[in-house]
Amino acid sequence: MVAYIVRRSVMLIPILVLISLVSFAIIELPPGDWVTYQIENLRASGIELNEDEAERLVKMYGFDQPAWKRYIRWMRGILFKFNFGWSFQWGKTVNELLGERLPLTLVISISALIVSWIIAIPIGIYSATHQYSVLDYIFTFFGFLGLTIPTFLLAMVLAWYIFKLTEFAPLGLFSIEYMDEPMSMEKFIDMLKHLVLPLIIIGLNGTGALIRVMRGNLLDELKKQYVITARAKGVNEMQLLFKYPVRMSMNPVISTIGWILPGIFSGEVLVSLVLGLQTTGPLLLRAVLAQDMFLAGSIVMILSVLTVIGTLLSDILLAALDPRIRYSAAAAR
Amino acid sequence: MRVRQIRDALLKTPVGLLGLLSLAAQVVLSIWVVVSYPDDFGNRVWSNPIHWVDNPKAAPPAWIRRVDSQPRAEHWQTVRGEPETVEEKGRNLIASWNIPYIVEEGAVPAFLALTVRDVRFEERAPLLALTLIRPDETRVSVMRHAVRGPREGEEGPYERHFDDPLRIQLSADESTLSSLQEFLAEEYGLQMDAEEIRPRVMDILFGVPDATDDGFVPMAGEYTFLFQTATRAEDDGIGSVELVAGGDAFGRMGTDSIGRDLAQGLLYGLPTALVIGVVVALLSTSIGTVLGMASGYLGGTADTVIQRLSDIVANIPVLPLLIFLLFIIGPNLTVIIGILIAFSWPGLAIQVRVMVLHMRSSQLIEAVQSLGSSRWRVMYRHILPQIMPYFLAQIIFTAPSAILAEAGLSFLGLGDPSIPTWGQILEAGFRTGGVYVGYWWWIVPPGLLIVLVASTFMLLSLAIEPVVNPRLRQTRRAD
Chain A
1 MVAYIVRRSV
11 MLIPILVLIS
21 LVSFAIIELP
31 PGDWVTYQIE
41 NLRASGIELN
51 EDEAERLVKM
61 YGFDQPAWKR
71 YIRWMRGILF
81 KFNFGWSFQW
91 GKTVNELLGE
101 RLPLTLVISI
111 SALIVSWIIA
121 IPIGIYSATH
131 QYSVLDYIFT
141 FFGFLGLTIP
151 TFLLAMVLAW
161 YIFKLTEFAP
171 LGLFSIEYMD
181 EPMSMEKFID
191 MLKHLVLPLI
201 IIGLNGTGAL
211 IRVMRGNLLD
221 ELKKQYVITA
231 RAKGVNEMQL
241 LFKYPVRMSM
251 NPVISTIGWI
261 LPGIFSGEVL
271 VSLVLGLQTT
281 GPLLLRAVLA
291 QDMFLAGSIV
301 MILSVLTVIG
311 TLLSDILLAA
321 LDPRIRYSAA
331 AAR
Chain B
1 MRVRQIRDAL
11 LKTPVGLLGL
21 LSLAAQVVLS
31 IWVVVSYPDD
41 FGNRVWSNPI
51 HWVDNPKAAP
61 PAWIRRVDSQ
71 PRAEHWQTVR
81 GEPETVEEKG
91 RNLIASWNIP
101 YIVEEGAVPA
111 FLALTVRDVR
121 FEERAPLLAL
131 TLIRPDETRV
141 SVMRHAVRGP
151 REGEEGPYER
161 HFDDPLRIQL
171 SADESTLSSL
181 QEFLAEEYGL
191 QMDAEEIRPR
201 VMDILFGVPD
211 ATDDGFVPMA
221 GEYTFLFQTA
231 TRAEDDGIGS
241 VELVAGGDAF
251 GRMGTDSIGR
261 DLAQGLLYGL
271 PTALVIGVVV
281 ALLSTSIGTV
291 LGMASGYLGG
301 TADTVIQRLS
311 DIVANIPVLP
321 LLIFLLFIIG
331 PNLTVIIGIL
341 IAFSWPGLAI
351 QVRVMVLHMR
361 SSQLIEAVQS
371 LGSSRWRVMY
381 RHILPQIMPY
391 FLAQIIFTAP
401 SAILAEAGLS
411 FLGLGDPSIP
421 TWGQILEAGF
431 RTGGVYVGYW
441 WWIVPPGLLI
451 VLVASTFMLL
461 SLAIEPVVNP
471 RLRQTRRAD
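Going down the list, the protein sequences come from chains A and B.
Residue numbering for the first sequence follows the working numbering, beginning at 1 and increasing consecutively.
Residue numbering for the second sequence follows the working numbering, beginning at 1 and increasing consecutively.
No wet-lab data here; the hints were simulated from the structure.
We treat Cβ as the ideally placed atom computed from N, Cα and C, and that holds for glycine.
There's no promise every hint is true.
Residues from chain B that face chain A, not an exhaustive set, calculated with beta carbons under 10 Å [stated by the list, open to error]:
1. Ile312
2. Ala314
3. Met388
4. Phe391
5. Pro400
6. Ser401
7. Ile403
8. Gly408
9. Phe411
10. Gly413
11. Leu426
12. Gly438
13. Val444
14. Pro446
15. Val453
16. Leu462
Next up, chain B with everything else stripped away, as it sits in the complex:
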């Protein structure tokens, strides 16, 4: 039995084993991704710019700091809930949060943003304030903000920013500019107008003026953000406060130009790629085998029709047609898979037909026929088992080309936007000019992952090649 030989070839050769192990690892990882990601990851998270608003744009991965010696601030983000201390001051209750933040040598963050959620108050709206305590003990009042008070006709207790968090981009906020102006005048006797300060907010916040010119030298060390709220009633307060210091480096895989965490998208692409590969390979191979068997064994009209059909399908330039159909039906992964299946069967149908033609005239089939077996029984019990090894080999061989085809379509901008794939990530990188600016972390990982998954299937097919005649696998016309 040839099928057993295939199993041995996979389990007992190093190449086959390597392929199997790599495939198994990918399957395990895919299952984890499918289980742990939200169902509507594509629409709600990936394609939703608001979700990524706090991330730095086009930042390289964080580990790059260990490779090159350029100073880069790593992206930093923290969320705090309950206040650390609450003290009474006159009629007010002052709640404080102390959030430490370390600036490394020369690594000034790119921006600073504050997000406050779920504000609740009974009568008087709370006041919010953020102060930066710097390593040299100087204090900068970064922001003061009054939550919007009761509207006419509104009854307490009041709730603010439950659905729409209060987000203040501190590095571009007008009140930050004016408080920095005050700070510079008081602390260093420097007079600067708002327009001079605007482009340099971060340099001023995390640096000291240079004695020689009007530049600022970054000051490394331990900073503390002191966030305070002033409320009246016992139950007044905020749900959570979030601080983001945008870095020049982000996470394991960096971000793209709208701040999406590439690590998440890349992981999500794995199950998608595997599903595309396996489903397309399985179905198109099944169709090709069934039609090839019917064509070869039944002969006559069935043979002519199937052969002409596969001639036509094989001669259509697939990609232009795919572009069309996707444009008309709309970019949808099911449609993409369907089209790929519809166009990848003819080669196999022609091969299988030739094999079945040989078998039909064999003594075995002749004997079975003369014993009175029905045509279906002959095909199912006696021809199919002989074709099985080629069927299996073809599945493995078709999978990578399906994955590459989907990547190509996504690269043309015809991918399904609700399901991020590696091709789409590459397309975004190419469209925004990421290649020529040198955003390698945006181009290389998705490309390598495509190659990795495709070559896993290639390893498997390399391993079973000696078992299955290569000629029958790759020539489409064997006449």
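Bound conformation, chain A alone:
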């Protein structure tokens, strides 16, 4: 098992290097850099910078050096000093900004994933064991409906409806009266109330697809010979169901962690924008629009790395739950 984990982790290294290169390319891609953008801004507002001043700025931010030197400088900062660079737009370090935003993003993404599992797995099991029943059709209908409704639309309509119905505005993370208060029990409850809607919306986003996967897998499993044998032997139907077929059909669901995470990050951008949540999504959008490239590149890199780690975790979890994968991995070596 340890060998398996080590081997999988080593395989990640080239992917991580590639991700860092792509992220840096993103920093470099836009025409012009932050300094020229700023100089133009100053010029537009009537302040003329003299040549020396402009050159000093360019030097200070290192824009006079070739790209590969800047890449090494950036990567060295991240690897050895854990320093992602400077956000021009906010006048803060990227670390500081991400320190504020990333925890919330992670909390929302991971809880949304759990929400979608809690909803999807039981429904998937029910739909498979009661195939073509009325409830199965209803779940199928709602699952498909969920796949066709854009998350931001759902967020807008629900936020408006909740506001209209209860006078409670599910926007931001805290209500106005708690905004400047120190953390207290009331403030915490208020925060939880604000988190319910985004969690449900982001969670439901992946639920439709997950129900289909779970249902399809379990249907396949239930047709297998060992299930018939167990039934013939008189094994209790519930025990039988949860001991083998459900466990088997969970495998692909667990491996969905890897590819559902990028999806949740993507969906999260829109929902956070609509509901005014201070996550990395809106931060990234603003950073891109203002050419705040170190911030933007860092966010893309961190999100990509987290996704890769998510995939790794799901593979390890899979190996832990299903011995056959461990064996086949060992055999392949």
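Using the hints, position chain B against chain A.
What follows is chain B alone, placed relative to chain A:
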């Protein structure tokens, strides 16, 4: 043959038939839109505020008046060309247009605007006048205007307002204020100064003073706008006159905050959505299938490269990257479609690879290989037909997600401004705070249309699901 099963599933099940009918209706409507709309609809019409200047801003659809009981004036607009009567009066020719306008109980229009186009004269500039004849036979002189006379060095005949129509916002015009002041003094003995009148021009024009206080009670009934021109020469005159009474309700779908007719934008969004869905689905599925087949059948280096590539592409958070690329390359629908294609193939490539791996070891393929078929022939003639059903199913399944992805991008403000889409309409509604003010006609229809088109494809995919193994369609990693 599985492809035939798919056809049967679509034609012989109610769900499939419903999906097909809905798709067919959308395609027919799209063709009509493409044929009847101008090519540069986005730039010249939709994104051009001047085009919508006469429309009421953020007005609900006209049919709302039948649903709620609030009095609302429907938006009213009329264009007249030739005058109805021309009579000689002294040295002048007076041309008159009588334009009837009905005010319903309590429904006073929000504004009044007059537009005159194509004025032509030989020597003396024509005089224009608008009089409102009210149901109680009182007459209000709303406006008098002299068209600008000859400039120094200019030779007759003169032409005015051919390219820039003369547009007078009567409800805010200074000359209207002073003539209303006169009218109130003469007719009712009321003395009001211009600043008192300014916010109430429409109430005064379409109402009578209330005896108890200094308010005005709307007067319902048949009004007539009498528009007259006084000209000298036989050939002098105007091309057309247009009157607009801004309502609180507009057309079939209402308007947004700059007065755009939402019905037009919503219709235009249909072909766009279908094209995005079909093109992205077709191309990304083709790429995924071809790469999956190559990866599975050729094996070796090709397999490793393709698998690593799809691993990377599948692990990139797509939306942040899309935001980037669009910002750098510029919001352009072709670019959006290209990016969506570039990022939606890996899932299918992995699935197809697994299927091809199974097939490669089958007896059929072994037999064909031993007969000496080339690798291309095996892939094209023997593997591709077996994958075809999944290919078709995947196209149908990818289309709605492409439509939703484009809507999401437009919602972030990264849509192509020259091609209006439903996502852009939603974005405008959200950005201007339309949601929280309750402009439902601005948010609900585009949202529902997205859901409608997406669910059409979902119905089709629901219908063919029993034919195509669901597991192969939706798991991305089948290891």
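Quick check on methionine 388(B) please, does its C-beta sit within 10 Å of some C-beta on chain A?
Since chain A brings no Cβ nearer than about 20 Å to methionine 388(B), farther than 10 Å, the hint is violated.
Are phenylalanine 391(B) and chain A close enough, Cβ to Cβ, to be under 10 Å, as the hint says?
violated (19 Å)
Given a cut of 10 Å on the nearest C-beta pair, is the interface hint for proline 446(B) held or broken against chain A?
The hint holds - proline 446(B) has a Cβ within 10 Å of chain A, the shortest such distance being about 9 Å.
Can the hint on phenylalanine 411(B) be confirmed by a CB-to-CB distance to chain A that is less than 10 Å?
holds (5 Å)
Against chain A, is glycine 438(B) within 10 Å by beta-carbon distance?
holds (8 Å)
At a threshold of 10 Å, is the proposed contact between leucine 462(B) and chain A supported by beta-carbon distances?
holds (6 Å)
Any CB of chain A closer than 10 Å to the CB of leucine 426(B)?
This interface hint holds because 7 Å falls under the 10 Å limit.
Cut-off 10 Å, beta-carbon criterion: hint that valine 453(B) touches chain A:
holds (8 Å)
Tell me if alanine 314(B) is really an interface residue toward chain A, meaning its C-beta lies closer than 10 Å to one of theirs.
It holds, given that the least Cβ distance between alanine 314(B) and chain A is near 6 Å, below 10 Å.
Hint status (Cβ of isoleucine 403(B) to nearest Cβ of chain A, threshold 10 Å):
holds (9 Å)
Should the interface hint for serine 401(B) be scored as holding, given a Cβ-Cβ cut-off of 10 Å against chain A?
Holds, because the Cβ-Cβ distance from serine 401(B) to chain A comes to roughly 8 Å (cut-off 10 Å).
Answer holds if the nearest beta-carbon of chain A is closer than 10 Å to that of valine 444(B); otherwise answer violated.
Nearest chain A Cβ about 8 Å off; hint holds.
When held up to the earlier numbered hints, the structure conflicts with 3 and 4 and fits the remainder.
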